[in-house]
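Use these hints to put chain G onto chain Z, whose structure you have.
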Amino acid sequence: MEGKKSLTRREFLKMASAISAGAVLAACAPAGGAQQPAPSKAEEAPKEAPQKPVTVRLWVAWSNMDKLFQNEVWYKMPEYEEICGNIKIEYKGSTGDQFVMTALAAGDPPEAASNISYAQFAIKGVFLDTQPLVDASKYVHEEDFIPAVWNFCKFWHFDGLVGVPAFESFLDYGLNYNTEMVQKAGLDPDNPPQTFGEALEWHKALTVKDDAGNLKQFGLDPYDAMGGDPDGMEVACNHKYWDDETGKFDFTHDLFVEYFDITKKFYDVMGPDQIAGLRQAEGMGGWGGSYNAEVQAMIIEGYWHPGETTVQAPEVAKKNRASWTLVLDGLKGHKIQVAGGHTFAIFKDSKHPKEAFKLAEFFLTDAALDTLFKQVGWIVGKKSWVEKIDPNTYPGLEFYFKSANEATDWYELRRFPLHGFLWDQLAEVREMIYRGKLTPQEGTQELQKRIETEWKNQGLPMV
Amino acid sequence: MTVFNRRIWRLSKAETRNQITGLLFVSPWIIGFLLWTAYPLASSFFYSFTHYDFITQMRWIGFRNYVEIFTDDPRFWTVVYNTVYYVGISVPLGVATAFLMANLLNTRLVGRSFFRAIFFIPSIVPAVCSAMVWLFIYNNQYGVINNFLRAMGRPIIPFLSSVTWSKPSLIVISLWGQGAAVVIFLASLQDVPRSLYEAATVDGANAWHRFWHITVPMSSPIILYNLVMGLISGFQTFLMPYLLTNGGPMASTEFYAMHLWRNAFELFRMGKACALAWIMLITVVLLTLLIFKTSASWVFYGGER
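Here the protein sequences line up with chains Z and G, keeping their order.
The first sequence begins at 0 in numbering that gives the first Met the number 0 and counts up one residue at a time.
The second sequence begins at 0 in numbering that gives the first Met the number 0 and counts up one residue at a time.
In isolation and in its complexed conformation, chain G is listed as follows:
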């Protein structure tokens, strides 16, 4: 600390000039961060304790928004269930799918580059376009799957219109957009030393053993990364259900972010929406911490902790 202070106070003129110049260069980011991230974050925390509808006078109401959310909101527990169901299945399944696809693409496959591009394309297709494509796939009347079933004289599958099928159908869509995770996994797989596989092969390990005892542990930091990122984006899922089902049928695809949005922009209950946002933030932080806490037992950092 002493060293730090001495260094600050004993800057030469040239160093001071450099500091100022540096600060000036980074100031657009700092100002942007303060204005567009830090301030909204702090103000949303404040608003979460108010009755605020954008127009009429804001009123301080203490914890009433939070109490209402947990005790007096007819849809809160439904959206919590929906979100936990969706995140709980889609995130691990998405990470596993991306990891397996990356492994597949890491083999000496003919047309490997082509397949890598194919798998990545869904990640860069605008979500609205993806939604339209999936509407055509899932449609009861003219969807590709149901048209086939009809032609075979079989009952159709009401993918998006049945309470039973709606969430699994959205989970399948989420798996389709794993291109970015696949690319990250691919990069990590190419970093796994070949010598480890060679040594294992010499020791008589078969393909499964090599995968389970080398590939998985060596990729575990990236699995952790994708898991955490998937968790964060999973809790924020909004666009696909909004475009495909608008939360139906029977609120079975009404997820947390959609509920938050409805409170903010359909009911104009900004205070309650801010409280919902903070509950989500705290939940995600706690879950992330939990994952990090458990990561010590399953993430391999090459001997480091």
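Next up, chain Z with everything else stripped away, as it sits in the complex:
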């Protein structure tokens, strides 16, 4: 081969440009599959064509399941093979609303997500209605679920089902208390408080300060109920601030005024700066940490509390007992329970929504539920499976099982389309109340004003 051996700069640039342009065009071209000749009829026959693996992306805000997915425990189960077969899971933990929202904006949402602001997304119509898929399913049947758990998947302004109950969706409210700390304070652990008034007396007996007035131990942080969830307010008052049927909200009810008034007294006993310090700072949570450290004697939490405490602080878990969540004094006798919690929500504009539903079906098999319960401590309110669980697996768990049959009033949480905004604003308003900047009545009015303004400014449907 004789020829030019050198390359001029101009020639180099021309070649480089041509190669770059070619690369860009190749990258923009349709996927290789589209260029393939049409398959013959023989090739289309299902027996001969091996199923192409389909990737289903699942994003959840928890990190508790990370190990299960990292170890790929699901793929080893025959149930997975039967239902999901060719589905590969691309799992991401610790992915909150921001991640999902960004993916939606980019037009490439994951197939499914859990532990996101369901109501906030539902109102924007991003979910697939799974009702038709449920109707056709041989694995998932509505009648097999505790009604309130199932109903959690229905949201205002969304026709149908946002998903199906999944991962962690059972009973969310109970007063857990440390029997040893209670006994040491001279209280009777067999006769736990039922109302906030009674709990305040326990709180005073359980709160300990040193000679300099520094808080060493306390009874109950009422706003830490369910990690500070605003819905604790309606559970305590047995009164909904948000009506799923009418789409109306009201935070100014006298019961809420009473709620702020009584809960403020808990902070008066502890000192606002001191209790916030035990949670490090207001709004940071610290949910359960102080209970596990035996600094907090009572905590309002869901069914997972006994199991998670057993994993995190086994010695403390042995002393744990649970009872009905607290209500206002005038509501004594009401046994309130809250159901639901999480759903396997499927995005309608994702690439493989139907395959995602298959995955949801798998996660509701007894085998998958067993694994979640044993390795994470989570329960889904599927009646036929729940009946098989030993309610004494963890100290305190039995209460939640019994409560399912004994509750007089039921709630479903996180229904409000501005739930995230409310959470943020409520944290500030109730702090203004217990720090004496607002009266309880002014606090409820302030909250109402803020929510009304945001509702209007977000352009949410007016009813």
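If a hint is listed, it holds; no wrong ones were tucked in.
According to the in silico footprint, chain Z covers these stretches of chain G (three or more CB under 8 Å from chain Z):
1. 42-54
2. 235-249
Okay, the calculated beta carbon distance ranges per label pair:
3. K347/Z to W35/G: 28 to 36 Å
4. M131/G to P313/Z: 24 to 32 Å
5. S232/G to K334/Z: 53 to 61 Å
6. K334/Z to P91/G: 56 to 64 Å
7. S232/G to D242/Z: 41 to 49 Å
8. C128/G to P313/Z: 26 to 34 Å
9. Q311/Z to C128/G: 20 to 28 Å
10. Q440/Z to I144/G: 33 to 41 Å
11. A95/G to G124/Z: 48 to 56 Å
12. V132/G to P313/Z: 24 to 32 Å
13. P39/G to E78/Z: 45 to 53 Å
14. T438/Z to V132/G: 33 to 41 Å
15. Q311/Z to F210/G: 54 to 62 Å
16. D328/Z to T36/G: 58 to 66 Å
In silico contact screen, one side only, chain Z against chain G (beta carbon under 7 Å); selected entries:
17. M100
18. K123
19. A211
20. G212
21. N213
22. E430
23. G458
Bear in mind the hints are in silico, worked out from the structure with no lab data behind them.
A virtual CB, placed ideally from N, CA and C, is assigned to each residue, including glycine.
Just chain G now, kept in the frame of chain Z:
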């Protein structure tokens, strides 16, 4: 202008080739700038006049986001107050601290290099790690300061959980990370001609006089630089309060950038968040211009203006 045009139009082939080659070499930066800076900047300006939540149809709403921010946002004036308080104290204090530390490190101190490294280290520690360290320092129960106070039988100081203490506590943290400013000041101090100090000493000036009449004026351009940079980063303060207090207690550490972030990624109000961003940009630009305007009276450029 004529000269410029003639030069452009009369480029030789070799010069044209060189121009093209040069442009090709810088094109990654130009394309990157256009795609990742200019376009987002322009689009955020556009979005600030819309109701945009990422998902539903964007709607043009004119100045409504801006009007809402100033008249109908329950937290806007709180975050403005918090931010002005924080920037107003932490930035001048930070610049002063960095300048004084640089002066200290510029003396003939034993182990000077060691101290320079020590002061710089906080600047390169990831913010999350710094936040964790400060959480341990400030913690009410087991923090080093409060543990000491408890041991002495004294009331603890609720650094991050009291409305009174929360902002000053964050300001102290901001002072801790002044290593980069210290290094810049050190470089400028080493450029101050020794002859000026010698002459002043001969004229009978004491240490304070030398510092005030030589060191400060000669370092004033760098003071200006650090002040402006501090102002810009001060207005963008997000990570430390987000990690340490999440804006509490009682929204006392909710700063502007955090409010903007909440609107964008918690409330999905991208249009309003863009409007907030533009208000911040304009404010920072105006304050920077103000500082530059006043700099003529306090920045010494060696006789130049």
